[in-house]
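Protein chains in written order, with the working numbering: chain A, 67 to 207; chain B, 103 to 270.
Derived from the structure by calculation, the hints contain no laboratory data.
Because the structure is a prediction, the values reported are computed rather than measured.
Every residue, glycine too, gets a C-beta built ideally from N, C-alpha and C.
Among the clues, some could well be false.
To be verified - A few chain A residues that face chain B, going by a derived Cβ cut-off under 7 angstroms, partial list only:
no., residue
1, A90
2, H113
3, A114
4, A116
5, H121
6, G122
7, A127
8, R149
9, L150
10, I152
11, G161
12, H173
13, D174
14, E175
15, H176
Claimed, not checked - A few chain A residues facing chain B, derived, Cβ under 7 angstroms:
no., residue
16, F87
17, L148
18, Y154
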Amino acid sequence: MSISPARVPDGFRRLTEASGFAAANGPWFEKIEDGRAIRGFLPGPQHANALGIVHGGMLAAFLDSAMGTAVWHTLKRRAVTLRLSIDYLGPGRIGDWLQAEGEVVGHDEHVVQVRGRLYGRRHDVLAGLGVFSLLSRHRQL
Amino acid sequence: MLEAPLIEDCAPAGFLKIDFAHGRPEPTFNSHIGNLYVKRGDKGTRDEFVMGFRVHQHMCNPAGGLHGGMMMTVADLVGAMGGGTLAGLRKFLPTVNMTFDFVAPAKVGDWVEGRAELVRATRSLLFTNIYLTVGEDKILRASSICKIPSGDGLAFGKAKLVREDAKP
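Could you build the full structure based on these sequences and the hints that come with them?
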């Protein structure tokens, strides 16, 4: 699906390094604001469920990516998800810009706790709490 | 947008492809992510409802493993469709909460199966546990709470099973 640039808010950069699942379900965008990484995407028909709103699995995947990015921006360490708990608060609508961000709330050498939020222009869509496992500083993905 | 699949699904015997796009002008997320299959077994058995899919490159993360987003999507569907089936509900069940534990990775070519365990159904809520497995190995543990809409709610989507795909 082509995205008209006018519908992507100012300051967002298209993530071009995506591959596999993220590329097939993108494009995804990111901006850094006050040291926080914020991710955004514009849901299309390919993201819809049987009700015509954004599929819960797509929302979960997108929030997970934003929370993982928050770990990278805060700790400069790569991490993989160990556990993610998500509350579905409201629907995401097709054609309405959505964004997500994470906040590191605690960590030790091995695991990091992250709070996440996915929201539209006027309402919250998901609240998340995740535990991520930090990868070795030397490990290549 | 999706790369041509390099491998065939080769679903094991008994699995039928789910046609989520049936009667719809455009493919939705459930068909966009790749082919999903269902096998139905005898009532009350472990295999009463099994969802399955073959892992392709377009379902993977940059490290080459099955993407967590794909696991979560399928677990969500197993919780709502599988849990709903076990509870005898034929309605669309909106998800209220899901918790996922990423126990092990999966790789391209693996056949992944998802099963739900009905924990409890109240008048308005459905609690299920879900496991995704590759062979005997668990790769994802999830727990789900779905809302059961009052009245008839919305029909169970328009998905239907593609009988022609049935292997002898």
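Legend entry - Contradicted hints - numbers only: Of the numbered hints, 11, 12, 13, 14, 15 do not hold.
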